[in-house]
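Protein chains in written order, with my numbering: chain R, 1 to 495; chain G, 1 to 219; chain P, 1 to 261.
Hint data in this document are derived by calculation from the structure and do not stem from the laboratory. Even glycine gets a Cβ: it sits at the ideal position worked out from N, Cα and C. It is possible that some hints are incorrect.
[Claimed, not checked] From the structure, some residues in chain P lie toward chain R, with a derived Cβ separation under 10 angstroms:
hint, residue
1, Asp12
2, Pro57
3, Tyr129
4, His141
5, Gln163
6, Tyr164
7, Met167
8, Glu168
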Amino acid sequence: MTVRVGHTAEKPAFPILAHELLQDDQTRRNVRHATNVIRNKRALRVEEMPDWQDLRTAAHAIKTHTLLHLPHYLEEFERNCIRAGGQVHWARDADEANTIAIRLIRKAAARLAVEHPEVIKVKTMTSDEIGMNRALEREGITPWETDLADMIVQMGKDEPSHIVVPALHKNRHQVRELFLQNMGLTELGTEAEDLTGAARHYLRKKFLEVGIGISGANFAIAETGSVCVVESEGNGRMCVTMPKTLITLIGIEKVIPKFDDLEVFLQLLPRSATGERMNPYNSIWTGVTPGDGPEQFHVILLDNGRTRMMANVRERETLNCIRCGACLNQCPVYRETGGHAYGSIYSGPIGAILSPQLNGMKYSRSLPYASSLCGACYEVCPVKINIPETLIHLRGKIVEQDQNTLAGKLSQESMGMKMAAHLFEHPKQYEAAQRLARTGQGLFEKDGQLVNLPGMAAGWTQYRDLRALPKQSFREWWKRNRTNRGDGSNWSGNE
Amino acid sequence: MSDDARFTVLDTIRRQLAADPDVETLIDDSPEEAYARIPRTYQRTAKLNREETLELFYDRLRDYDSELVFTDEAGIANAVAQAMREANESLLLVPAGVPQEWLPQNDIEVRRDFDLPLQPLEEPRVVLTPCTVAIAMSGTIILEHSDEQGRRAATLLPDHHICVLWRDQVVETIAEALQRITHRTSPITTIAGPSATSDIEMTRIRGVHGPRRLTAIIL
Amino acid sequence: MRIHLFIACYNDTLFPRTGMAVVNLLERLGHEVVFPTSQTCCGQMHYNTGYHAEALPIVRKLLHEFLDAETIVVPSASCVAMMRDHYELMAHNANDLHMMGDVKSFLPRVFEFSELITDKLGLTDVGAYFPHRVTYHPSCHSLRLLNVGDRPVRLLQGVEGLQYTPMEGSDQCCGFGGTFAVKNAEVSSAMLADKIGCVKKSNAEFVAALDNSCLMQIDGGLHRELGSRDRIRPVHLAEILNSTRKNPLTAESLAWEGATA
């Protein structure tokens, strides 16, 4: 089994990508503006909900419960979906999922008597995760993204930079250029309305003519075998209704037990993702309904690394994610760099834990360190994923892996940490080290600050000043000014 | 091939769960029992009275720039005719089961969706249907597949949706609304305002795909 | 009351003045302070960076040192967060029932500095005098993990002559984040730039916090930009509460150059 998560295997580490992006003022402005807008809208919508915390608790409980009984619910979903006329396929990894999709598309294209198969796609990060578009194109199948932002990203041969607003790194002039080139237009206005109008016209043709649709799903309901797609633009409704054949790719963690559980998630998701009480459209369908929608409906249930995450509470909890993007909008790190710094389609705080775990801790290893552990993400996560705790858990796994290699064991950080641990366990040596540092700092001291520090400390002084060590440590002051007793009963009371 | 994959995925999950020493304490009863114990302290019933609920709903619809028309059953046809006149339209799509009494008798060409092929289906720019239930808190109307509400394409392709709504179809919360959906495996669409995108510079634009206008005829 | 002090390794080495202020203040309020001198660190740096095995003996040592302490004060919110959030987990993961017992007995006796004053001692006015404009930066640990709420602000407002002025964007991380500050130094400093913008906008003379780590980050940025010029001074809440008419805290004493502490 080879798990693939977008381009994570090829991307450089976070600090390197971040360095480039921190110089990109345009992107930084766009990111800041976008995240500010959604963050503020979300806050308003959450404030008006006195039972917001109750909803979060319920959502976390539902997801936790589902994951603990996942085989049961996956089987129930499959049974009910098939009973309603759907077909269910299972894929262990990206390649298997793409192979299945390609086979189904070819069959559908043959039925439509179409020579060059085309598919219309509604937003699904899962398909980006498995590199579906590339796989389809390699087989002579043309995928058309129909979400406005994904269309922009596709036309720009670019990468998404946010879970909910993937093209936020593009301004409208850049978008206009792309539309002019790709839609075969000779003129086009510059306002957002003009661009959206052009997209509406261009895509309607595709919706009505292309007979094969591909979607993801926000929720797969076990009790009824139903699938739910949450969206704003209406292209989702088009793609799941108009084509004769529909293929829906669903990560196995998307399953929820019962239809009624939607009452929890459909309140949390729109408010968290776009700051709306309810998003414009939700489509919920089950199998096939004669005379209404596709005649062939296929579900591909996808593993691609998710089962790796089932053996530990923190790891399972990561799978609670309903892809709302609220953590990205709240994250002070994401706010500085934008999504491309993470080198994964899953960026921001959730990306920092999901991407390495899907990859079995083989790639995206720098991501768990791309965080100051401030906890702003956890506060807004509608399904209460304790992202900071998970980051620390993953850091533990990374260190453990590194300690098993010579290079890792002997790295500056590892040696430094081991030395520090030793000192912390041996108070007399710790005190001696404090004194030594104070004497030794003379080399680096100038006007009360330390300059030109070597090694890891240089990371500090490159951007900030560092104050020189004070002339006495606290414990030295205590020993000189208070009677030294570990368990003292009298005290001198001197200043 | 898919059978192998199915077995591997399910088997791996089971083995992984078994490998977590803490899981034993977490799974001690059947899924049904465990599900029943999930804490649900969020609001699931109405807090507002009927009048407040309705006012809230009307407010939300107005927020979406929807038109509200208040009439009785006898007045539906006129309300439809009026809405179409204002929209400058003369061709109306209706699902097969929409009552004849709702339809204007003059000036409007009515096309019933008796399994229409694509071209005649996508020509009308106005469609008339009832709905199943509406949610006041978010201004959402919910449609199910039925003879009167039609297939999904019928309320997706036109530009203007006229929806007939009885007051007692409006509930405050989504929890109550979901209880009113009896055919849970039929295609269901929830609609809260026209489609929208904020993908271009975070400027919210309405009406990307799907009807850009909603007229609610409220009885 | 007999109060044991856990100073925190970085306070011990870099910010002894904060410890001195805690001791002087508590003694002035009539309490006895005990400082077990073998103490070193709470284990946070190792634990948060992923060196979980290395953190374990450090934590066990601390638990042992404070076995008999009835009340423990820690002038570092991040250390208290480490204890409350991770000590039980560490004992659980190590399958160490004995340690778990120690942790369960330890936790109820630990107070972050502002918690000690308001909750344990029941005071918001400690008789402090500090006639200056002061703003407050809530460190992420104190804000989100300890939920100290408005305790620090109430304490500031209880200081005679002090003019409290709130800070915009106060809930945004300063960018320190422990080893994050050096492992992702560039992003850390970008976050710091935002925070300094908010700090300056507050128009205060001093910015107070419960964690010297944040203050070190903020001071490092301010000093890089403004050097020894007249500027806002970061200072730990304890040092402000320790300022009295008789022994006032001065901006000069916080200067880098020619520091005497």
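Checklist entry - Looking at the structure, which of the earlier hints fail to hold? => result 3, 5, 6, 7, 8
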